[in-house]
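A.B. asks: The lines below spell out each chain.
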Amino acid sequence: NAGVTQTPKFRILKIGQSMTLQCAQDMNHNYMYWYRQDPGMGLKLIYYSVGAGITDKGEVPNGYNVSRSTTEDFPLRLELAAPSQTSVYFCASSAGTGYEQYFGPGTRLTVT
Amino acid sequence: DQQVKQNSPSLSVQEGRISILNCDYTNSMFDYFLWYKKYPAEGPTFLISISSIKDKNEDGRFTVFLNKSAKHLSLHIVPSQPGDSAVYFCAASGVGGGADGLTFGKGTHLIIQP
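Protein sequences appear in the order of chains A and B. So the first sequence is numbered by my numbering: it starts at 1 and just counts up by one. So the second sequence is numbered by my numbering: it starts at 1 and just counts up by one.
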């Protein structure tokens, strides 16, 4: 049972480049989330999804896009990378309201 | 404006003693609280949670206390072990039970001294 997996683990982007961070879960969870963690800070919610085809903005959505075509996958797209997007990105999933969220190992992204 | 505050960036405790990590919140709509533990280069892992209808929840060495009137919760670890050295995050969710995500504090780095 892999839980929540994220790829890549590390990535360096140049300003203006685009990329997709992949997230997959094998727990059949309906709810999925993307967070970012800046140094010395807590995690902040970027986007979330309560089921396939349904997504919504979190606290810090600017510069990102998501899609949820299947229950298992929840990719995060950066269209025009900026230095302010340098961060560690965590994907999480949950069985529903009142349940804990399970996190992936994270993707460390540097934009230079 | 931080809605979940962990005012101690770090805490050092001797092995075998009690570790007490504190968390304050400002949003009275929060009704579900969680503690996560995080090792370097890994994702956060769930430790323990508490609903606002309770004031205490216990799981082995971990106990979480909730004081709603003071908007304060704490995590007690007894006895503290070397493997407990990690960053601990307090998190909260609203009436939706976390469907719209969690609000995290900045974390407290717990160091267990041998």
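Derived by calculation from the structure, the hints in this document are not laboratory data. Treat the hints with care, since some could be wrong.
Once the Cα atoms are required to be at most 30 Å apart in a straight line, the calculated DSS-like pairs of lysine-lysine come out as [stated by the list, open to error]:
| hint | chain 1 | residue 1 | chain 2 | residue 2 |
| --- | --- | --- | --- | --- |
| 1 | B | K68 | A | K44 |
| 2 | B | K5 | B | K68 |
| 3 | B | K5 | B | K54 |
| 4 | B | K54 | A | K44 |
A.B. asks: Are there hints from earlier that the structure breaks, and if so, what are their numbers?
C.D. replies: Every hint satisfied by this model.
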